Amino acid sequence: MRLERRTDVPAGVVVIAPICAIVAALAISGILIAFAGVNPLEAYRQIVVSAFGSRLSITETLARTTPLIFTGLAAAVAFRVQLWNIGAEGQFYVGALMAAALGHAALAGLPSALAIPVLMLAGAAAGALLLLGPVLLRLRFGVDEVVTTLLLNFVAILFISMMIEGPLKDPLAFGWPQSVPISPDVALPKLVAKTRLHIGLLIAIAAAVIVWSVQARTVFGFESRAAGLSPRAATFAGLSLSRTLIVTAGLSGALAGLAGMIEVTGLKGYVTTDLSPGYGYSGIVVAMLAAQHPLGVVAAALFVAIVFVGADGMSRALGVPSFIADVIVAISLLTMLIALLFTNYRVRR
Amino acid sequence: MNRNIALELKGITKTFGALRANSDISLVLHEGEVLALLGENGAGKTTLMNILFGHYVADAGSSVVFGKALPPGSPRAAIAAGVGMVHQHFTLAANMTVLENVMIGTEWLGSWRSNRDAGRDKLVAIAEKFGLIVDPAARIGDLSIGERQRVEILKALYRDARILILDEPTAVLTQIEAERLFVTLRGMAKDGLSLVFISHKLGEVMQAADRVVVLRGGRVVAERDAARTNRGELAELMVGRRVSRPVRQASKPGPVVLSAEAIDVVEDGRARLDGISFEVRAGEILGIIGVAGNGQAALGNLCAGLARPARGRMMLDGRPLEKASAKALVAAGVGRIPEDRLAEGVVGEMNVWENAVLERARERRFSHHGIVDRRAARTYAGELIERFDIRGAAPETRTRLLSGGNMQKLILGRNLAASPHLLIANQPTRGLDEGAIAAIHQELLEARKNGVGILLISEDLDEVTALADRVQAIYKGRLSAAMATNRIDAKAIGLMMAGMWEDRA
Amino acid sequence: MSQALDILFTASLWAAVLRIATPLVFGTLGALICERSGVLNLGIEGIMTLGAFVGWVTVYQGGDLWLGLAFAAFAGAIFGILHALLTVPLGLSQHVTGLGITLFASSFTYYVFRLWLPVSSTPPKIIPFQPVQIPGLSDLPFVGEVLFNQTMPTYLALLLVVVVSYVLANTPAGLAVRMSGENPHAVEAQGLNPVAIRIAAVTIGSAIMALGGAFLTTAAFDSFFPTMIQGRGWICIALVVFSSWRPSKALLGALLFALFDAYQLRLQHVVEGAVPYQAFLMMPYLLSIAALILMARRARVPQALMQPYRRGER
Chain E
9 MRLERRTDVP
19 AGVVVIAPIC
29 AIVAALAISG
39 ILIAFAGVNP
49 LEAYRQIVVS
59 AFGSRLSITE
69 TLARTTPLIF
79 TGLAAAVAFR
89 VQLWNIGAEG
99 QFYVGALMAA
109 ALGHAALAGL
119 PSALAIPVLM
129 LAGAAAGALL
139 LLGPVLLRLR
149 FGVDEVVTTL
159 LLNFVAILFI
169 SMMIEGPLKD
179 PLAFGWPQSV
189 PISPDVALPK
199 LVAKTRLHIG
209 LLIAIAAAVI
219 VWSVQARTVF
229 GFESRAAGLS
239 PRAATFAGLS
249 LSRTLIVTAG
259 LSGALAGLAG
269 MIEVTGLKGY
279 VTTDLSPGYG
289 YSGIVVAMLA
299 AQHPLGVVAA
309 ALFVAIVFVG
319 ADGMSRALGV
329 PSFIADVIVA
339 ISLLTMLIAL
349 LFTNYRVRR
Chain P
13 MNRNIALELK
23 GITKTFGALR
33 ANSDISLVLH
43 EGEVLALLGE
53 NGAGKTTLMN
63 ILFGHYVADA
73 GSSVVFGKAL
83 PPGSPRAAIA
93 AGVGMVHQHF
103 TLAANMTVLE
113 NVMIGTEWLG
123 SWRSNRDAGR
133 DKLVAIAEKF
143 GLIVDPAARI
153 GDLSIGERQR
163 VEILKALYRD
173 ARILILDEPT
183 AVLTQIEAER
193 LFVTLRGMAK
203 DGLSLVFISH
213 KLGEVMQAAD
223 RVVVLRGGRV
233 VAERDAARTN
243 RGELAELMVG
253 RRVSRPVRQA
263 SKPGPVVLSA
273 EAIDVVEDGR
283 ARLDGISFEV
293 RAGEILGIIG
303 VAGNGQAALG
313 NLCAGLARPA
323 RGRMMLDGRP
333 LEKASAKALV
343 AAGVGRIPED
353 RLAEGVVGEM
363 NVWENAVLER
373 ARERRFSHHG
383 IVDRRAARTY
393 AGELIERFDI
403 RGAAPETRTR
413 LLSGGNMQKL
423 ILGRNLAASP
433 HLLIANQPTR
443 GLDEGAIAAI
453 HQELLEARKN
463 GVGILLISED
473 LDEVTALADR
483 VQAIYKGRLS
493 AAMATNRIDA
503 KAIGLMMAGM
513 WEDRA
Chain W
228 MSQALDILFT
238 ASLWAAVLRI
248 ATPLVFGTLG
258 ALICERSGVL
268 NLGIEGIMTL
278 GAFVGWVTVY
288 QGGDLWLGLA
298 FAAFAGAIFG
308 ILHALLTVPL
318 GLSQHVTGLG
328 ITLFASSFTY
338 YVFRLWLPVS
348 STPPKIIPFQ
358 PVQIPGLSDL
368 PFVGEVLFNQ
378 TMPTYLALLL
388 VVVVSYVLAN
398 TPAGLAVRMS
408 GENPHAVEAQ
418 GLNPVAIRIA
428 AVTIGSAIMA
438 LGGAFLTTAA
448 FDSFFPTMIQ
458 GRGWICIALV
468 VFSSWRPSKA
478 LLGALLFALF
488 DAYQLRLQHV
498 VEGAVPYQAF
508 LMMPYLLSIA
518 ALILMARRAR
528 VPQALMQPYR
538 RGER
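Protein sequence lines, in the order shown, are assigned to chains E, P and W.
Converting from the first sequence to our numbering requires adding 8 to each position, the first position being numbered 1.
Converting from the second sequence to our numbering requires adding 12 to each position, the first position being numbered 1.
Converting from the third sequence to our numbering requires adding 227 to each position, the first position being numbered 1.
Note that these hints are calculated values from the structure, not bench results.
If you're wondering where the values come from, they're calculated on a predicted model, not measured in any experiment.
Relax, there's no trap hidden among the hints.
Partial chain P-side listing against chain W, Cβ under 8 Å, derived:
| hint | residue |
| --- | --- |
| 1 | I91 |
| 2 | N107 |
| 3 | L121 |
Here are the in silico distance ranges between beta carbons for each label pair:
| hint | chain 1 | residue 1 | chain 2 | residue 2 | range |
| --- | --- | --- | --- | --- | --- |
| 4 | W | Q357 | E | F43 | 30 to 36 Å |
| 5 | W | P368 | E | G150 | 42 to 48 Å |
| 6 | E | A113 | P | R387 | 49 to 55 Å |
Among chain E residues calculated to face chain P with C-beta under 10 Å, some are:
| hint | residue |
| --- | --- |
| 7 | E12 |
| 8 | T15 |
| 9 | D16 |
| 10 | A224 |
| 11 | R225 |
| 12 | T226 |
| 13 | T243 |
| 14 | F244 |
| 15 | G246 |
| 16 | L247 |
No residue lacks a Cβ here, since even glycine has one placed at the ideal position from N, Cα and C.
Based on the provided sequences and hints, a complete structural model is requested.
This is the structure in structure tokens:
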């Protein structure tokens with residue numbers, strides 16, 4: 009058997025690939041569900057019901073989608089220029105910490121319309137700075153950023169832990185390690201009253217549209233696409249690879265930092281070390297399922313959110329461990345990689 | 013002469029996608045014979061030999077070696093049957109020793125000890141027998157190109173090859189090294205080995221082969237005894253039609269456009285260029301001729317703005333080039349054709365229009381306030397396609413689908429359309445077929461007529477003598493003095509390419 | 228301050244160094260074998276997690292401790308084959324696939340763990356490997372406590388360093404693995420199949436990584452809990468770079484690293500409260516980054532590392 013490059017990729021394949029990948033992932037995960045003594049189809053029905061069954065569950069699913077759009081975008085913009093940012097988890101946390109640090113009192117006097125954008129900038133800047141280090145190490149010393157960003161995730165979370173047990177500790181939390189709460193002035197407005205859904209979702213969708221237009225329309229988007237597809241040709245043409253990488257790192261880190269900032273100001277109100285159930289890592293899956301397309305990221309984030317929210321409900325109803333959600337998401341990453349391969353290659357004898 | 017048949021290929025057919033690389037090829041190789049497989053780039057020579065050696069599987073047809081059918085798709089079976097292959101792009105690991113490169117695959121993988129002493133003894137014995145001396149303990153990366161080729165040949169002989177295939181063996185050798193190689197090959201043939209060597213050079217085919225099989229468009233078009241044919245006939249058989257390359261007209265060169273004064277270039281900690289000096293004048297072509305790997309890549313990088321001189325000075329239009337970045341050169345009206353068009357010239361996955369404006373997307377005609385003006389870019393790409401006769405291309409075509417010649421026309425076009433006054437052309441026709449070569453030559457001569465100064469870096473002697481007004485040879489990072497091409501013959505240039513200019517000066 | 232120095236002269240510190248180094252030695256050797264053949268295996272974190280669970284659950288279900296190690300290695304090999312199939316014949320991105328394997332292996336492990344033990348109270352314990360008492364040697368002062376009071380898997384790890392060193396340097400199979408990582412075309416041209424060699428190397432390497440995980444549950448601790456690998460896999464990936472892809476230096480790197488770790492654990496008690504404990508916990512990760520910076524330009528990377536090999540494509 010050999011793989012042969014397709015001369016051209018049929019338009020339909022691009023849409024069908026993620027669908028095939030997801031179906032395959034669900035089929036494989038179904039075997040594991042069956043081991044738990046539950047009919048997989050019933051489990052999947054429960055997942056959909058739990059994610060969409062009521063007004064509340066719909067808003068819950070959408071609230072879960074929000075950070076995944078941001079971390080998915082963070083991975084998508086980085087991967088596009090072959091910058092392997094696996095540190096979105098850490099960048100998420102430093103963005104979140106910024107929200108608590110500045111949103112508790114420092115900005116309390118400002119009107120919300122000013123304080124919230126300032127906080128967004130701060131969260132984005134924190135995330136961007138955390139990624140800048142690994143990128144500079146790659147450019148200066150040739151250190152693989154995959155490993156450094158991964159390691160920095162652990163450092164970032166320990167740093168958060170240090171802060172929320174130290175200077176930012178909430179004295180009213182009965183000894184629980186959590187940060188001081190944000191001031192109500194910087195809390196994001198709700199999108200649907202009496203639910204957890206906040207306008208962060210709209211900001212996330214807007215971010216996806218902006219990223220998409222930057223990529224599709226601007227000279228920067230054009231040049232960074234060239235740099236990602238062929239670094240050598242881009243260099244020969246006089247484009248600066250290091251500049252592209254640094255700007256992209258800023259963008260990618262900022263998106264991940266925003267995710268954390270918005271999760272705190274929109275949903276939680278304070279920071280703990282279990283603020284993220286792996287949003288940073290799931291973002292990688294989201295980006296791959298979307299084939300790095302910013303608008304596709306929105307759809308892929310919704311899928312992953314459905315799996316996570318739905319699996320929680322399904323787990324309560326049927327007793328299948330909710331870790332099945334992580335299994336489904338992980339397998340769909342692998343099946344999507346295979347599906348993408350077959351959009352560009354075909355099998356030949 | 014009625015000798016035993018060593019190898020027989022029967023009806024070999026192979027397609028890659030829409031491309032028919034080999035169709036119904038049959039040929040015979042006798043014991044002790046040197047057979048040349050002659051054909052242009054893309055005629056299917058390498059594909060055919062890769063099928064024989066098992067790198068590819070043929071769609072149809074079979075190979076018979078010493079009377080036994082060879083199972084397809086298995087280099088191991090080919091080696092066991094006595095077939096050895098010397099690849100054009102050497103298959104050697106640079107960080108490992110000669111002995112390791114030779115011994116890999118020769119011992120049982122389950123063995124608990126590699127018998128290096130026995131391997132070394134065998135290698136040394138073979139090396140001495142055929143006069144292919146190399147140090148078994150040397151690291152491949154430290155060897156010269158010629159020595160690496162010796163290791164490639166030794167690898168095959170170590171496996172007791174009785175049929176040796178050599179793919180374009182002289183491409184990387186100086187004329188002297190090539191002649192030495194042919195003597196070695198002759199000796200092997202006398203010893204009973206059968207050899208196939210792949211080439212597109214008529215001279216060496218006539219010189220070294222007993223018999224010539226000519227391939228064109230994936231088919232065998234002729235078979236001749238070397239003794240009963242001539243260069244003219246072979247050339248016509250190989251190309252299939254009379255393609256005449258354009259002829260250079262006399263011209264009056266203008267002022268100096270680009271000059272280099274005693275430049276050193278260091279890349280990856282190694283001195284690549286050593287005190288080179290040259291001048292390119294408006295309306296003339298300066299040819300830099302040399303065997304691959306003598307510093308051409310560094311020279312190309314230097315002139316393309318990708319490498320900085322460690323010492324010396326570059327002058328463009330009489331002004332010193334302070335910051336010779338690729339970007340600055342493009343802005344200063346310097347056209348650049350890279351050595352490797354697929355890796356450096358274009359982004360294969362992008363469309364033709366995107367590649368057309370790759371270097372100048374920031375210019376005002378192609379973008380406003382940071383937004384790409386796609387319409388202007390597409391129109392521009394359409395103009396290039398029209399003017400430079402880029403076939404099979406529309407502005408929206410994915411660039412990697414273009415043939416090599418048309419891809420090169422696109423690169424040349426986007427440079428010439430910007431009316432440069434200097435053009436750096438690094439191996440502009442490498443790997444192209446005769447028709448495309450003629451078209452590229454025509455464009456280069458046209459540009460010269462329009463007053464463009466051209467620096468032509470090439471390994472092809474015919475190309476340089478046809479195009480260049482003056483020629484300098486590059487050898488081990490140094491440049492000879494310039495010679496007017498109409499006052500020097502090919503043989504003298506050949507000597508210069510081997511570094512023999514200093515003794516005479 | 229003298230207290231901080233005194234720690235260095237305690238036998239318990241040096242005994243701990245060997246113990247802490249053991250999983251790193253397994254992990255680094257495994258990753259090194261994969262990378263020497265040309266395949267980066269970022270599945271390591273997940274494979275170690277899986278190995279930790281399988282080793283523990285085998286013993287928990289009544290199996291022998293050695294059977295636990297064997298099953299762990301087998302499970303690691305299975306996921307290794309998966310990683311190899313995706314990255315070698317299919318040529319998928321080694322970075323992304325490896326992360327996918329880690330996500331899959333760890334979520335799979337947690338899923339099965341929860342299926343096995345639905346109650347989320349304290350996880351049950353097993354009787355782990357005990358230190359081996361060697362008459363005479365173990366009673367030696369200092370040396371006895373450091374070198375001859377370790378568990379069998381620690382000795383196995385040290386033995387593996389020697390074996391892997393020897394195999395890579397002196398056997399035809401080792402040559403084939405190294406050559407696949409330097410230039411797979413050279414391997415193919417000599418009649419061997421670089422695809423098969425890489426798959427084999429990744430499978431064996433992954434089995435060894437899984438032993439590193441299993442050591443944690445069957446020798447260092449006595450139970451399994453999620454997230455117990457704590458980035459050790461990523462640290463091993465950094466140690467491979469630090470070792471310049473050489474097994475002996477990998478051992479040295481793991482020991483050096485373990486020394487810092489063991490030392491900081493003890494130092495925490497000395498400075499008690501003056502420095503937040505998280506600052507100490509960050510040290511291993513920051514050290515790994517420092518090691519990477521130090522070695523990045525000097526290390527001799529296998530030339531074909533992370534380059535997919537597709538036959539007939541150059």
